[in-house]
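Protein chains in written order, with our numbering: chain G, 555 to 802; chain Z, 5 to 233; chain S, 83 to 168.
Hints listed in this document are in silico derivations from the structure and should not be mistaken for laboratory results. For clarity, every value in this text was computed on a predicted model and none was experimentally measured. Be careful, since some hints might not be right.
[Stated by the list, open to error] Some chain G residues near chain Z, calculated using beta-carbon distances under 7 angstroms:
1. 581
2. 582
3. 610
[Claimed, not checked] Label pairs and their computed distance ranges (CB to CB):
4. 90(Z) - 84(S): 36 to 44 angstroms
5. 771(G) - 216(Z): 30 to 38 angstroms
6. 150(S) - 10(Z): 23 to 31 angstroms
7. 627(G) - 161(S): 37 to 45 angstroms
8. 98(Z) - 559(G): 30 to 38 angstroms
Here a beta-carbon is modelled for each residue, glycine too, at the ideal position from N, C-alpha and C.
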Amino acid sequence: MSHATKSALVIGAGGLGGPALLTLAAAGVGRLVLVDDDAVETSNLNRQPLFGEADVGRRKAAAAAERVAALHPAVRVEALDRRFDAADAEDLVRSVDVLVDGSDNFPTKFLANDAAARARRPLVHGGVLRTTAQLLTVVPGGLGGCLRCLFEAPPSEGDVPSCAQAGVLGTVAGFAGVLMGAEALRVLAGERGAYEGRLFTFEARSGRSRVVPVRRRVGCPSCAGVQPLQPSRAVPREVTSSRPGGGA
Amino acid sequence: MPLSEERIARWARQLLVPGLGEAAQERFAAARVRVVGAGGVAGAALAYLAEAGVGTIWIDDPENVAPADAGAWLYPPSAVGSPRVAAAQAALEGLSRFAAVDPYPTGGVPSAALVCAPSVAQALAAAEQSRRARIPHVVVEVDADGGGIVAVPPGAPCYACARSTDSAGRPPAPGAAAVGALAAGELLLLLAEPTRTEGRKIDVVRGVASARPTARLPGCACGAASAGP
Amino acid sequence: MTPAARIDVRPFACPLTYVKARIALDRLASGQVLEVWLAGGEPLENLPRSAAEDGHRVVSVEALGGEAPGAWRVLLEKGRGVEPCR
Chain G
555 MSHATKSALV IGAGGLGGPA LLTLAAAGVG RLVLVDDDAV ETSNLNRQPL FGEADVGRRK
615 AAAAAERVAA LHPAVRVEAL DRRFDAADAE DLVRSVDVLV DGSDNFPTKF LANDAAARAR
675 RPLVHGGVLR TTAQLLTVVP GGLGGCLRCL FEAPPSEGDV PSCAQAGVLG TVAGFAGVLM
735 GAEALRVLAG ERGAYEGRLF TFEARSGRSR VVPVRRRVGC PSCAGVQPLQ PSRAVPREVT
795 SSRPGGGA
Chain Z
5 MPLSEERIAR WARQLLVPGL GEAAQERFAA ARVRVVGAGG VAGAALAYLA EAGVGTIWID
65 DPENVAPADA GAWLYPPSAV GSPRVAAAQA ALEGLSRFAA VDPYPTGGVP SAALVCAPSV
125 AQALAAAEQS RRARIPHVVV EVDADGGGIV AVPPGAPCYA CARSTDSAGR PPAPGAAAVG
185 ALAAGELLLL LAEPTRTEGR KIDVVRGVAS ARPTARLPGC ACGAASAGP
Chain S
83 MTPAARIDVR PFACPLTYVK ARIALDRLAS GQVLEVWLAG GEPLENLPRS AAEDGHRVVS
143 VEALGGEAPG AWRVLLEKGR GVEPCR
């Protein structure tokens, strides 16, 4: 099946988004849009394979687009050097066939969730925290639930992850990011997603994995496509990911 | 030797992970990892080993970059036809200047191995060499549904005991690099915990991973009291 | 309680502040105490909490005042049964 006519929007070009982009590009997805408002930092390099030593200080969106294009010249890559925000989230998502959320903070993840539902596009959600990966796919009109069915709301303003929670083992991010890309490919091919209605978590040290059913919550405004979009906030420093709600 | 300021800044995120820390990071830096096979999903595995701070990576692959390898994380289309070792060296040294990447030297003594061999026979041979040398090693299998990873700390059930037998020959799934990344992670965990003795196998099927301990097959040489040369 | 080691993480930004503390704690034996000098604001909000999450005990948090205005001294006791890194 050819993906050359398909398109995907990837939020974040770092630990999750980078591997997802490589996976999508390798499968020949015709158009990739990536959104990232960050610059490459030294501490990114333990887990962000699109960037090397020479990229430190460069804008991630540009550096990522360049790297993907160098490896896959046939893929059209559009780099948006800005935050994925409420102002145009819905329009952006509507312009592609699937949304892959590799962002690293809760407000953006909820925005992605809500925007995808409003734009009636499938969403592949992924997160990584220390040594745990989590994935969930939300398909418009599906029986499976969305992030709001699972978590109801993002954690409150003051609930910033601690430094201890900022640890990430790079391979776990890579594992999750590639799986996100592969899942997006399934969805693009019209197949049932592996994580549709099922939250998959994997903790790398113990090897423990869980698959938790996520059913659509009656009255969920996001699933109904009517959740007002909340602005995503700039994160004060590099934070790695969402906290798994039901994860290992 | 305490980590330099530079290395602390570089691996700050990793140093915060429970079970990893300064000692683990030092072990990564001191490790000499033989990577058997540098095509296919080895690209992702190699990238993560280098990024994690592995100090010496020896690439054991005499082949050239094939068209099928192009775009697989490390090799741009322009590298097709050139030796994999050279192309991998160039890509990996760009990812981390702390990684020394070289062809696997004759007489080289690796402290660990990651086996991404293209055939079962090669994988078994490389795994057996690693077992006899009593070094931790990880073997990667890819198949049409995903793949598998067998982690073998010294003394654990060997790859021959644990391997999948039903998947040879089918082309890899699009998510195969996930198996490569996770395999690199398994090797890092083995390096970080040198006293660990339990082996395990992780199967990745249609995007879902599950792990279980490996078990020795009755009569396998890996169960013998001494692992002679 | 005499600290077995002391570090000053005021020059660093989060999360490097906690990375440094973690490395220093890793080098201690269970029950030994680390004294950390840190800045107020984000480091003060984050570092004790992170240490507690990693299984260490926050013995005390006090403003240094005269010795170093604006700085804080945190005493951390290395936890027992904390994941060994060696």
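Each hint, compared with the structure:
About 5 angstroms separates the beta-carbon of residue 581(G) from the nearest beta-carbon of chain Z, less than 7 angstroms, and the hint is met. Hint status for residue 582(G) relative to chain Z: violated, with the closest Cβ pair at about 10 angstroms, above 7 angstroms. Hint on residue 610(G) is violated. Least Cβ distance to chain Z is approximately 10 angstroms, over the 7 angstroms limit. In this structure, residue 90(Z) and residue 84(S) break the distance hint of 36 to 44 angstroms, their C-beta atoms being roughly 57 angstroms apart.
Here the CB-CB span from residue 771(G) to residue 216(Z) is close to 34 angstroms, well matched to the stated 30 to 38 angstroms. The beta-carbon spacing between residue 150(S) and residue 10(Z), approximately 27 angstroms, falls within the hinted interval of 23 to 31 angstroms. The given range of 37 to 45 angstroms is broken by residue 627(G) and residue 161(S), whose C-beta atoms sit roughly 53 angstroms from each other. Separation of residue 98(Z) from residue 559(G) is about 33 angstroms and conforms to the stated range, judged on CB atoms against 30 to 38 angstroms.
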